[in-house]
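Protein chains in written order, with our numbering: chain A, 15 to 306; chain B, 15 to 306; chain C, 15 to 306; chain D, 15 to 306.
Treat the hints with care, as some may be off.
Same chains, same label: a pair holds when it works inside one copy or across any pair of copies.
[As the list claims (entries may be wrong)] The list that follows gives simulated cross-link-like pairs (lysine-lysine, DSSO-like), each with its CA atoms no further than 27 Å apart: (1) Lys210 / Lys114; (2) Lys143 / Lys210; (3) Lys114 / Lys250; (4) Lys210 / Lys35; (5) Lys286 / Lys35.
Calculated directly from the structure, the hints in this document are not laboratory data. Here the structure is a predicted model, which is why all the values come from computation and not from measurement.
Number of protein chains: 4
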Amino acid sequence: MKVGFVGLGLMGSAMASNLLKAGHEVTVWNRAAGPAEILRSQGARVASTPEGAATGDVLLSALANDQAVREVILGGGLLEVMGRGMVHANHATISVELVKQLAAAHAERGIDYIAAPMFGRPEVAAAGKLNILTAGPPAAIERVRPLFEAMSSRIWPLGVAPECASVAKIAGNFMIFAAVEAIAEAAALTLAHGVKPADFIDLMTSTLFAAPIYQSYGRQIAEQRYEGGGILMSYKDVGLALAAGGDANLPLPLASLIRDSLLEAIAAGDEKLNVSALAKVAARRAHLPEGN
Amino acid sequence: MKVGFVGLGLMGSAMASNLLKAGHEVTVWNRAAGPAEILRSQGARVASTPEGAATGDVLLSALANDQAVREVILGGGLLEVMGRGMVHANHATISVELVKQLAAAHAERGIDYIAAPMFGRPEVAAAGKLNILTAGPPAAIERVRPLFEAMSSRIWPLGVAPECASVAKIAGNFMIFAAVEAIAEAAALTLAHGVKPADFIDLMTSTLFAAPIYQSYGRQIAEQRYEGGGILMSYKDVGLALAAGGDANLPLPLASLIRDSLLEAIAAGDEKLNVSALAKVAARRAHLPEGN
Amino acid sequence: MKVGFVGLGLMGSAMASNLLKAGHEVTVWNRAAGPAEILRSQGARVASTPEGAATGDVLLSALANDQAVREVILGGGLLEVMGRGMVHANHATISVELVKQLAAAHAERGIDYIAAPMFGRPEVAAAGKLNILTAGPPAAIERVRPLFEAMSSRIWPLGVAPECASVAKIAGNFMIFAAVEAIAEAAALTLAHGVKPADFIDLMTSTLFAAPIYQSYGRQIAEQRYEGGGILMSYKDVGLALAAGGDANLPLPLASLIRDSLLEAIAAGDEKLNVSALAKVAARRAHLPEGN
Amino acid sequence: MKVGFVGLGLMGSAMASNLLKAGHEVTVWNRAAGPAEILRSQGARVASTPEGAATGDVLLSALANDQAVREVILGGGLLEVMGRGMVHANHATISVELVKQLAAAHAERGIDYIAAPMFGRPEVAAAGKLNILTAGPPAAIERVRPLFEAMSSRIWPLGVAPECASVAKIAGNFMIFAAVEAIAEAAALTLAHGVKPADFIDLMTSTLFAAPIYQSYGRQIAEQRYEGGGILMSYKDVGLALAAGGDANLPLPLASLIRDSLLEAIAAGDEKLNVSALAKVAARRAHLPEGN
Chain A
15 MKVGFVGLGL MGSAMASNLL KAGHEVTVWN RAAGPAEILR SQGARVASTP EGAATGDVLL
75 SALANDQAVR EVILGGGLLE VMGRGMVHAN HATISVELVK QLAAAHAERG IDYIAAPMFG
135 RPEVAAAGKL NILTAGPPAA IERVRPLFEA MSSRIWPLGV APECASVAKI AGNFMIFAAV
195 EAIAEAAALT LAHGVKPADF IDLMTSTLFA APIYQSYGRQ IAEQRYEGGG ILMSYKDVGL
255 ALAAGGDANL PLPLASLIRD SLLEAIAAGD EKLNVSALAK VAARRAHLPE GN
Chain B
15 MKVGFVGLGL MGSAMASNLL KAGHEVTVWN RAAGPAEILR SQGARVASTP EGAATGDVLL
75 SALANDQAVR EVILGGGLLE VMGRGMVHAN HATISVELVK QLAAAHAERG IDYIAAPMFG
135 RPEVAAAGKL NILTAGPPAA IERVRPLFEA MSSRIWPLGV APECASVAKI AGNFMIFAAV
195 EAIAEAAALT LAHGVKPADF IDLMTSTLFA APIYQSYGRQ IAEQRYEGGG ILMSYKDVGL
255 ALAAGGDANL PLPLASLIRD SLLEAIAAGD EKLNVSALAK VAARRAHLPE GN
Chain C
15 MKVGFVGLGL MGSAMASNLL KAGHEVTVWN RAAGPAEILR SQGARVASTP EGAATGDVLL
75 SALANDQAVR EVILGGGLLE VMGRGMVHAN HATISVELVK QLAAAHAERG IDYIAAPMFG
135 RPEVAAAGKL NILTAGPPAA IERVRPLFEA MSSRIWPLGV APECASVAKI AGNFMIFAAV
195 EAIAEAAALT LAHGVKPADF IDLMTSTLFA APIYQSYGRQ IAEQRYEGGG ILMSYKDVGL
255 ALAAGGDANL PLPLASLIRD SLLEAIAAGD EKLNVSALAK VAARRAHLPE GN
Chain D
15 MKVGFVGLGL MGSAMASNLL KAGHEVTVWN RAAGPAEILR SQGARVASTP EGAATGDVLL
75 SALANDQAVR EVILGGGLLE VMGRGMVHAN HATISVELVK QLAAAHAERG IDYIAAPMFG
135 RPEVAAAGKL NILTAGPPAA IERVRPLFEA MSSRIWPLGV APECASVAKI AGNFMIFAAV
195 EAIAEAAALT LAHGVKPADF IDLMTSTLFA APIYQSYGRQ IAEQRYEGGG ILMSYKDVGL
255 ALAAGGDANL PLPLASLIRD SLLEAIAAGD EKLNVSALAK VAARRAHLPE GN
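One chain only, chain A, in its complex shape (with noise of 0.2 Å):
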């Protein structure tokens, strides 16, 4: 298939060599130069403007936020040069809000919109082996179906309306903060009272909590190691959750106390952490030992 892919992080350049690798023809466009010729070297052909991507059947974005999404896909004259019956995908972590003024921006022009963000650190990523979750018109996400099979190991679909998606990704990284402030204040209040963070976290994680983010997450605690950056992408994570509530009149208290906590993270100078450092934050909060 004909491919367009703006974007080029990590997770992008990822995606994108997958699809080379699966056979298809991909123009691909990033900000930087970099990544694009490493694309390149693989097979790409590279664009020097985000719409000299979209000239292909599909256009895959994998933009970092609201905000960049905004420049390059409303900003400029993306939309414009697409042709009528175009699909694009659009991987981003976005707000409701902003999906639902993407799909009614493509709805106009005849462009098929599809929300398609995915679970999945780059390292999946790499290996073709990400969840996308995805949501739109079931006829258009046939279509691309073999550009996502390309990179993922699987596909959930989600709902006709783009922001079925999106509202799933973003409840999704709730839980994952969510599962970690849990961890964080159980093994300070296990440490109060004189267990080893180590011990504690391994039982959990060993039985009841055995799964991915749990071990991960419940391992960087136990060893005092929060390193990794990703804290103020949380912390904008979580935002997308309490706006996506707000549209909704939905409370979610929850979420507002993570996003208390993160801003007190930050605050103590750990934006440099990832949200594993919301242990420190509850440590701290009972003079307790907290790591660096």
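Add chains B, C and D to chain A, keeping to what the hints say.
Same frame as chain A, now just chains B, C and D:
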């Protein structure tokens, strides 16, 4: 080994039964006669008082809560009849405050006290596959290890001070409730934007949260059946977490949130449901359909 | 003084009227014509565009919210027609982010920008007894002092940076909502144990809380009438507090709690009531009678 | 009237002193001897046991908390020596649960029980200007009215069931803490954006919140002096609110929030300060300067 066993609820009966199967000589006592008679038919001796069960090398107890433990263990003459050097392993989920009081009362009389709360439902207990958390004098734990092994798939040592095991059990229960609250809010958020709860929950519990707790409660929430009772016990249990936090000057905002939501569920008349009724609370706050 | 006044809601109309009474030469503009015509009958000139009102020494604006301010002040050519050295005092309650943006846009063009939000209901404005919060260049504030004095009983200087006055207004509104939430929960607690809400509220607002806010909202809660609209504006206002907190990495857990409760009130269909409908939310959580 | 008075803390001593000044015949008892001797010099008889003070027509008690009330009123023989038809008015702030237990125990013996907690600090008690909340049998309240009038500026009847007065006192204390939390968060928010706390607090407590509680705690927060102790009692008191809520299946999310913040203050080592130290917690969460 000559073992006494007091407290024959669903858990205790299954555990005592496994001790008999493993060839131990077990004397049981229970407030109501029925369960003791069933165990008699499996080879147990039946004592007419708790003191009558405390004549062997080891006493195991699996009582319901703080009140039952206070009455049976501290309220009568049980500690007086137990000989120096005897071991008492207490399987109940009780407050940190009471554990400390029990440990002191046993130490005064030269009795080894082990806290040994468990994770596992009655059917797991029946299969002898509990996870037993232990804390107490290491030599005492070694002595009762054969008993624990007859009842469990794994023994988790958590410290020398008995409250270490108790607080780990309390913190683990709190993590379960936190997971349910997270599913509840996330499912309400996605439903509010048009996603079928079953689709969202299937996605999450097949991927990032492929853990028993999420799968079991997730299914109940997706299917809007919250039967099985237990929410009053969950309310009691989150109170144990808050009390243990208070004892250590540790705020647990997520536990506070869960306590408030459980109260709301109970006030709504759902005291016959289980903790998954938190999903009804989350939905009702946004006037979403909430099941029965 | 030659004054322009844009935004003639209940507040703006009363304020402009007082400026006329004090002998100032006032040119008014409003999106809808009605209020301007009333002021014309009191001696005002009526401009047909915001720019037409910005021809004197000073421009006062009393627009509804961020969106109206963006459209009227930043969206058209208003700043272009205003001369260097002119003063713009903005009475709207708007976000800290927008205040900063406005201050920068005015500074670029040599216009003095003053934030001047107010406390006081329309009848207070009509009586010329507002409390006006001010922040901006001190010399500019001196220049407009006669105008502020014609509209207020007191002027409160809060700093040189305009956002100082805005954030104080936002924080003050938050304190109002917090007081209402406190009355709501306290009244529910006493009612649940058999006390008549009116008895409890009379006690508190006659003694420790003998302050206007408590007396006014307390009476509404005691009498279970929550009419008068405004809850949607309260929801917007608590959002301003949370956003201002977020800008400064400051968690505001009580503001988060209020936001969630306001959403719950709105979801329950009470968007026509005022913030005292928080009392219905508190009562409903415990299945207490909640009025209409 | 012949009155017994047990519990001579700062409050009790001032109250008993006013009874003497009003010409009543007062027999006092206190655990520590000092305060009783001072009252002896004012004309009181001093009993060596609580029972010795319970020989008149009326017993007043002003004990510190649940524990003291349990020990002195229920733990000894006090109720046994009191005659049928005697009245006991209990001025302590105690749990709803204990009030009900006391009311039942008194009723069993034909003693009239009145709950009579108070608002007012020791200097207000000394001036005989307390606000006394009352609940109990109306005839009994009439009998002791002359005593209450000697100690108070106003008597507030709240119901026939004694817990009505207790829960009102508990709810009133909760409202005080809520006001402090609101000032704390609002002052942190304005400070974070450059406003001097004293300027903001002066504004609010001179206008919308011109009430004693706001002025007194506001001044302490503005001046960053939080001395005077009492935070541990505030923690106890918010616990009474949460327990009373729990008894009625009533969630009190704001009380939960305050409990958590008080724990955080105590964990930070501020157990010698008063509840206004919540302002330090709010500031610390954003890494703002927090005073000493």
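Hint-by-hint comparison with the structure:
1. Lys210 / Lys114: between (48 Å within a copy, 18 Å between copies)
2. Lys143 / Lys210: Answer is between; shortest inter-copy Cα gap is 24 Å, intra-copy 35 Å.
3. Lys114 / Lys250: Both, since 19 Å and 22 Å are each at most 27 Å.
4. Lys210 / Lys35: neither (47 Å within a copy, 35 Å between copies)
5. Lys286 / Lys35: neither (35 Å within a copy, 56 Å between copies)
Consistency note: the structure conflicts with the earlier hints numbered 4, 5.
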